[in-house]
Amino acid sequence: MGDIKQIFNKYPEAGRDNLIPLLQDIQSAEGYLSQESIVKVGSYLNIPSSKIFGVATFYNQFRFQPNGKYHIQVCRGTACHVLGSATVLQELEKQLKVKAGDTTRDGLFSIEVVACIGACGLAPVIAINGEFYAKVTATSLAEIIDTYKVKEEE
Amino acid sequence: MDFTINVNNKEFKATQGETILEVLNRNGIKVPTLCHLKNSMPTGACRMCVVEDENTGKLITSCSFPANSSMKIKTHSQRVVESRKTIIELLLSNHPDDCLYCVRNKNCELQDLSEEHHVRERRIRGVKNSEKLDLSSASIVRDPEKCVLCGRCVTVCEDVMGVACIDIINRGNKSIVGTAFNQGLNTSSCINCGQCIMVCPTGALTEKNHFAEIQDALNNPAKRVVIQYAPSISVSMAEELGMEEGIDINGILNAALRKVGFDNIFDSSFSADLTIMEESGELVQRITEGGVLPMITSCCPGWVKYAEEFYPDLIPNLSSCKSPQQMLGAVIKSYFAEKENLKPEEIYSVAIMPCTAKKFEAQREEMTQAGISDVDAVLTTRELTKFLKLYGIDMFNIQPELTDSPMGFRSTAGKLFGASGGVMEAAIRTAHFSITGKELVNFQIPQIRGLERRKETKIKIGDLELGVAVVNGMANAKELLDEIKNGRNDIHFVEVMACPGGCIGGGGQHIGTSEDQLKARMKTLYKIDENETLKVSHKNPEIIELYDNYLGKPLGHKSHELLHTKYKKREVMI
Ligand code: SF4
Ligand code: SF4
Ligand code: SF4
Ligand code: FES
Ligand code: FES
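Residue numbers (the numbering used here), protein chains in the order written: chain X, 1 to 154; chain E, 1 to 574.
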């Protein structure tokens, strides 16, 4: 939480206009927007936390839980979309039993939906902690997830 | 009136800055609205109020567009009517169709809209909303499935109540009204005022209901079921019953409650008198012994929670007196219980209140004696109407009756509690007597009467010049509270009521209460005060009897045990 003070210092005379950049900074420092940080931003900017949450949930970019140990980015760019990324996302949500933006209970996996990650040739693409997986299908998805689970059990 | 605007081929006068809707309504043309809320900034969210401007060929939202002379408005062209109808059909497409089980059945704007627009078939089939009920609050139940996202609750909560614990969260078809992190209302700064219910067009917001428990108690021969009703109830129920607004139904209410089977009928205006005895005593004590000033009233549980959350610095200023509801509750289960040879647990104590926050108050830990709640269940004005229906009481065909002794008699001072300024007026009457030994010459204090949001005046009591301030509508209190926090010291006594107008405008009252109705209720209270002779709490014979037989003196040992309490800072997500 020390960081959050430093972030505030970047916006000395902050008002409502600074809300989004402030939240972005906090998210990049802490990986997500915690309840605590939203309340702090609220008292710093004098905005009720419900309003901040309302604004933050309006944009897809914000997360409200820490990333999982394995952070899965699902590309929803055009190329991936055309080749079935919607099904990939659905399948992933089903397998992990959490929605995009959420983290599994055990803290292992989290899902994020992202725009084109520049690997259109490999569509549909997912990236786990930066490592790309190409031409994902429901079956390959299950296998990929399994390798991480196995890795954990070892 | 500086220009005219063409509406349906007629010229209507309009003033600069007026919205199209205002011009239309003034000229007897009705246009349906949904998100629109009088006295608040238009949001233009629902587009229900569209009209067609023939000059531009556009559909515009009449609630937010200012009228101007170049417009040629059609309020019910085919395009307009179809567009409105489509909006309604879209709202219905994901609505749970629960009318027969819904608390707002026959009192629902969505039903009205659909009926007015002759929606007779299901052209659009959507996925039904599926959201969990939020039952976490002691006062308010939220059913997001029935929400049409008009945003009126959000606006009221922020603009009128200054709380802002809810907002529209998420986007697109995932949007819902929720608290920060979409948690239960009980974790938020919600003060349980119920003003959001008052503006909700559907059954998405309602009060937490306790009919079953009350019926159980009534059916249990081992229970003595006692009921009290708040000062504002008898003058604000008429609209609910379809009677003339503002009339006082006190007598028939007593009779009706007796018919339902309540064993004893008491009046919270009696305990308002009791509150005045204690509170004016406390005020005089604070002034003469150098206590924390200004003293601020604590009989509104919405305000008390607001103070605990937003103004913890001012908690020492709060009067230690419990509210009339809780004072009567405490006295019923002690004084009355002893008198009747009953154990406290043999009594089931119900309160009829204009207020949803009273439900929260009744279950507060501070409001118990040896683990037994002072008050067991609270019914709002709206619920009482339903309850009377359930028991088949015909309110148009009933002879008035009196309340019961020893806690049914009241002064008009106690009755004044129902309107903003009433507690102050009542307290001053008794404080004047206890300081000077003489009654006031003029009992009425016009400067603190009326619906104005903030009222202040100075009152001479002997050598003392008492500075008093009265605020109603929580958001309006902020300014004054900040002044006090920043050291303003010419005020001795402050009355705060969370709801606009005070309890007559409470969140448990008739849905759709208009400003005219508020005025009518207020007028009736003032008329009662004018017409009756017992105008001061300290001369109420039942109050004198209670002190003589049981309590001793105001602020005495017994009083402290039963009638006073303390509050502390409350941690919630603000
Ligand atoms: S909110 Fe209105 S339309 Fe919806 S179920 Fe209730 S009564 Fe019916
Ligand atoms: S009860 Fe009052 S404070 Fe609570 S959400 Fe409704 S309007 Fe806001
Ligand atoms: S809960 Fe009621 S008032 Fe609030 S947005 Fe939904 S329908 Fe409108
Ligand atoms: S669209 Fe998915 S990587 Fe470009
Ligand atoms: S009532 Fe005008 S846009 Fe909703």
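Think of the hints as simulated: they come from the structure by calculation, not from any bench.
Mixed in with the good hints, there may be bad ones.
[To be verified] Result set (DSS-like, lysine-lysine): computed pairs, CA atoms no more than 25 Å apart in a straight line:
(1) X:K40 / E:K485
(2) E:K558 / E:K339
(3) E:K174 / X:K99
(4) X:K69 / X:K10
(5) E:K208 / E:K223
(6) E:K566 / E:K535
(7) E:K208 / E:K85
(8) E:K569 / E:K106
(9) E:K132 / E:K174
(10) E:K539 / E:K519
(11) E:K539 / E:K558
(12) E:K569 / E:K553
(13) E:K568 / X:K40
(14) E:K106 / E:K386
(15) E:K174 / X:K94
(16) X:K40 / E:K569
(17) X:K94 / E:K106
(18) E:K38 / E:K523
(19) E:K132 / E:K85
(20) E:K85 / E:K72
(21) X:K40 / X:K94
(22) X:K99 / E:K132
(23) X:K99 / X:K69
(24) X:K40 / E:K478
(25) X:K94 / E:K259
(26) E:K74 / E:K106
(27) E:K523 / E:K539
(28) E:K174 / X:K97
(29) E:K128 / X:K99
(30) X:K149 / X:K135
(31) E:K72 / E:K58
(32) E:K132 / X:K97
(33) X:K97 / E:K566
All values derive from a computational prediction rather than experimental measurement.
Tested hints:
For the suggested pair K40 (chain X) and K485 (chain E), the alpha carbons sit about 22 Å apart, so the restraint of at most 25 Å is met. Taking the CA atoms of K558 (chain E) and K339 (chain E), the gap is near 16 Å; set against the 25 Å cutoff, the hint holds. At most 25 Å may separate the alpha-carbon atoms for a hinted pair to count; K174 (chain E) and K99 (chain X) meet this at roughly 13 Å. Pair hint K69 (chain X) plus K10 (chain X) does not hold up; C-alpha atoms about 30 Å apart against a cutoff of 25 Å.
A threshold of 25 Å between alpha carbons decides the hint, and for K208 (chain E) with K223 (chain E) the separation of about 23 Å falls inside it, so the pair holds. Between K566 (chain E) and K535 (chain E), the direct Cα distance comes to roughly 30 Å. Violation of the 25 Å bound is thereby established for this hinted pair. This hinted pair does not check out: K208 (chain E) and K85 (chain E) have alpha carbons roughly 33 Å apart, beyond 25 Å. Distance hint between K569 (chain E) and K106 (chain E) is unfulfilled; the C-alpha atoms sit about 42 Å from each other, more than 25 Å.
Annotation: proposed proximity of K132 (chain E) to K174 (chain E) holds, straight-line Cα distance about 14 Å (limit 25 Å). Restraint check for K539 (chain E) and K519 (chain E): the C-alpha separation of about 29 Å exceeds 25 Å, so the hint is violated. With a C-alpha separation of about 20 Å, the suggested pair K539 (chain E) and K558 (chain E) falls inside the 25 Å cut-off, and the hint holds. Distance restraint check for K569 (chain E) and K553 (chain E): the Cα-Cα separation of roughly 30 Å exceeds the 25 Å cut-off, and the hinted pair is therefore not satisfied.
A distance of roughly 22 Å separates the Cα atoms of K568 (chain E) and K40 (chain X); the hinted pair therefore holds under the 25 Å criterion. With a C-alpha separation of about 13 Å, the suggested pair K106 (chain E) and K386 (chain E) falls inside the 25 Å cut-off, and the hint holds. A C-alpha spacing of about 19 Å is found between K174 (chain E) and K94 (chain X), which places the hinted pair at or below 25 Å, so the restraint holds. For the proposed pair K40 (chain X) and K569 (chain E), the alpha carbon gap of about 18 Å is at most 25 Å, so the pair holds.
For the hint pairing K94 (chain X) with K106 (chain E), the CA-to-CA distance comes to about 42 Å; that exceeds 25 Å, so the pair is violated. Proximity of K38 (chain E) to K523 (chain E) is assessed by CA-CA distance (about 23 Å); at most 25 Å being required, the pair is judged to hold. At most 25 Å may separate the alpha-carbon atoms for a hinted pair to count; K132 (chain E) and K85 (chain E) exceed this at roughly 29 Å. Taking the CA atoms of K85 (chain E) and K72 (chain E), the gap is near 22 Å; set against the 25 Å cutoff, the hint holds.
Distance hint between K40 (chain X) and K94 (chain X) is unfulfilled; the C-alpha atoms sit about 35 Å from each other, more than 25 Å. For the hint linking K99 (chain X) to K132 (chain E), the alpha-carbon distance of about 17 Å falls within 25 Å, and the restraint holds. Between the alpha carbons of K99 (chain X) and K69 (chain X) the distance comes to roughly 16 Å, so the proposed pair stays at or under 25 Å and holds. Pair hint K40 (chain X) plus K478 (chain E) holds up; C-alpha atoms about 21 Å apart against a cutoff of 25 Å.
With a C-alpha separation of about 58 Å, the suggested pair K94 (chain X) and K259 (chain E) falls outside the 25 Å cut-off, and the hint is violated. With a C-alpha separation of about 30 Å, the suggested pair K74 (chain E) and K106 (chain E) falls outside the 25 Å cut-off, and the hint is violated. With a C-alpha separation of about 24 Å, the suggested pairing of K523 (chain E) with K539 (chain E) holds against the 25 Å cut-off. At roughly 18 Å between alpha-carbon atoms, K174 (chain E) and K97 (chain X) fall within 25 Å of each other, so this suggested pair holds.
Using a Cα cut-off of 25 Å, the hinted pair K128 (chain E) and K99 (chain X) holds, with the two alpha carbons roughly 20 Å apart. For the suggested pair K149 (chain X) and K135 (chain X), the alpha carbons sit about 21 Å apart, so the restraint of at most 25 Å is met. For a cut-off of 25 Å, the pair hint linking K72 (chain E) to K58 (chain E) stands: about 11 Å separates their Cα positions. Simply put, K132 (chain E) and K97 (chain X) have alpha-carbon atoms about 18 Å apart, close enough for the 25 Å limit, and the pair holds.
Taking the CA atoms of K97 (chain X) and K566 (chain E), the gap is near 47 Å; set against the 25 Å cutoff, the hint is violated.
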